[in-house]
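Participant: Protein sequence lines, in the order shown, are assigned to chains G and P.
Be aware that the first sequence starts at 0, since it is given in numbering that gives the first Met the number 0, and climbs by one per residue.
Be aware that the second sequence starts at 0, since it is given in numbering that gives the first Met the number 0, and climbs by one per residue.
Don't read these hints as lab results, they were simulated from the structure.
Bear in mind the structure is a predicted one, so any value in this text is a computation, not a measurement.
Just so you know, even glycine gets a beta-carbon here, dropped at the ideal spot from N, CA and C.
Each hint should be verified, as a subset may be incorrect.
[Said to hold, decoys possible] Residues from chain P shown here face chain G by an in silico Cβ test under 7 Å; the list is partial:
1. D202
2. Y203
3. R208
4. K210
5. G211
6. R213
7. G215
8. H221
9. R301
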Amino acid sequence: MSRVLDIEGLTVGFETGGRRFDAVREVDLALDGGEVLALVGESGSGKSVTALAVMGLLPEVAEITAGTIRFEDRDLARLGEAEMAAVRGARIGLIFQEPMTSLNPTMRVGPQVAEVLRLHKRAGAAAARRAVEELFALVRIPDPAARYDDFPHQMSGGMRQRVVIALALACRPALLIADEPTTALDVTTQAQILELFRDLQREIGQATILITHDLAVVAETAHRVAVMYAGRIVEESASEALFAGALHPYTRGLLRSIPVVRTGPAAGHPRRLVEIPGTVPPPWDLPQGCAFAPRCPRASARCRAERPPLMPFDGGRRAACWHPHVEREDAA
Amino acid sequence: MIRFLGQRLVTIPFVALGVVTILFFIFKAVPGDPAALAAGATATQAEIEATRVRLGLDQPLVVQYVNHVLGVFVGDFGYSTTFRGNPLPHILARVPATLELAGAAIALTILVGIPAGIAAASAHNRWPDVAISLTVIGLLAVPNFWIGMLLIAFLSVQWGLLPSFGNAGPLALVIPSLALAARLIALVARMTRGIVIEELRKDYVRTARAKGMRRGAILVRHVLRNVMIPTVTIIGLQTGYLLGGSVVIERLSAWPGIGDLLLTGVSNRDFALVQGITLVFVVGFLLINLIVEVLYRFINPRLRYA
Ligand SMILES: Nc1ncnc2c1ncn2[C@@H]1O[C@H](COP(=O)(O)OP(=O)(O)OP(=O)(O)O)[C@@H](O)[C@H]1O
Ligand SMILES: [Mg+2]
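My request is simple: use the sequences and hints to build the entire structure.
Facilitator: Structure, rendered in structure tokens:
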């Protein structure tokens, strides 16, 4: 499989309220064609900022201060606004968390999707309409021709999110970034949208970065998982390996906090959510050593003094921990 | 939509009745003898009494009130001392001039106020924004007749560019409509700026950017529609204020509208004329509000099917 995206040493600096801090630090991520990479971590760990940096949509108070984002033979970190606009929507599709607000409330949904085709594919009005109806059928919107003229408020949250997915996939991008695409939906709709995701992944075969803090979603959808904590990647591995036995104590903590819905007699009684004690430190006030040390059951004096780098483990896994749940292969 | 229109139209006569009632009793409470005013300054006591009987002013208050209300609803607005008879035809003859002036002021507001607000918002906190915001504060701080006087002093007297009074041709409309609209332009510019800044932060703008649209296109194709909804409401609500402002501005530039006529009525102590004009103002205001509501439903799809 060919390499689609290669992020190296990405660092994003913010300057707000007289404070300067890095919300994303030295992130390395690579993605092959057709691969689904899940980016997980608690709120504030830098997942969305990473995605926005790739899209060139960082807020005005933020900028990429170091690193490269290689995508289709170009470094997106150094692309001008006009060139970046030509990539957005055409080569990289983006899906946001909020299906209720991410469509323009005063515009019919069909034309909102057609717009992206007319912009990048120079499609005429009739051709664009036909293409949008096909896209609506692709994302399983019933009666696409009729729904074309609906306003967003006439659709349910799940239907709107399908429209947004159609929008993101309209130009057949090489890369799709979905930032918590199901969080705002009810459980049943969530399951339907995820199933649609998996089907489309198989049919279209684009590479996908799926951002979520729900590890249950990851297990069913992603090939590979990268775990972020306080702006850094702390563990990365194939999904099965991660669920079979995570290396980093933080990942183990996250896994314990998955609510498991039981089947059988106890169905409907999800297991109690076990939260990791403590909170994520703000990016402007990180401890000297490992950022997770203050909350970590395995933390030692070394953890508090020295930050562990991301180290390779067997099976192509990587983790940034002095006391991982497995002995390092190359450790003496 | 038809049902909505019907409901609103039905309420107008009731509001009008209320206004007629209030005005009737206010003018009854005003000191002075209306019969003496109607008979004229040189009238003898006998002539005054004769006028009183002729105008029905000798009847009990309730009878006078009922007669007045019935009269108004068939178009008889009473005895105007200025016109020596029913003032209604004279009032209606002046309505087009006021509509022309108010229409020009609203057009100016839309053409200047909204673009100024958008320009300020898209240059948020940079110099064009600061310049526009300072102008807005300046315009809001001074009364519109003073702006009218400045415009006349410079554009007309000093430089001789435009006529300063009367309604001869479209050029004569420039100074009074600018003076009338100045505050409203400032108000709309300020509100539009705030609304655009707020809209630009919304998720649908982010979605449009993720599509690869450029900022200018997003502003025109996506943001503008959403900005129009509150802006039309503001302009509509302020139109009543515009009618009020026209009273002074019409007098200032000798514009032959009903505002000018109202001042004539007041200085002549012509109760029937003042009552009639006030009623026309109120009904006009109600109709404008109705138009605004229809427009609002038209541009806001969330209400169109409601
Ligand atoms: N517009 C902004 N202004 C200031 N700080 C910001 C802004 N956006 C993000 N940050 C900072 O960047 C850090 C990372 O935020 P980010 O949105 O990437 O978190 P996340 O992992 O996506 O969290 P969530 O799960 O809540 O979406 C946060 O600590 C936040 O303080
Ligand atoms: Mg986020």
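Participant: Taking the hints in turn, state whether each one holds.
Facilitator: Status of each hint after checking the structure:
{"no.": "1", "hint": "D202", "verdict": "4 Å, holds"}
{"no.": "2", "hint": "Y203", "verdict": "4 Å, holds"}
{"no.": "3", "hint": "R208", "verdict": "6 Å, holds"}
{"no.": "4", "hint": "K210", "verdict": "4 Å, holds"}
{"no.": "5", "hint": "G211", "verdict": "4 Å, holds"}
{"no.": "6", "hint": "R213", "verdict": "6 Å, holds"}
{"no.": "7", "hint": "G215", "verdict": "11 Å, violated"}
{"no.": "8", "hint": "H221", "verdict": "5 Å, holds"}
{"no.": "9", "hint": "R301", "verdict": "5 Å, holds"}
When each numbered hint is compared with the structure, a violation occurs for hint 7 only.
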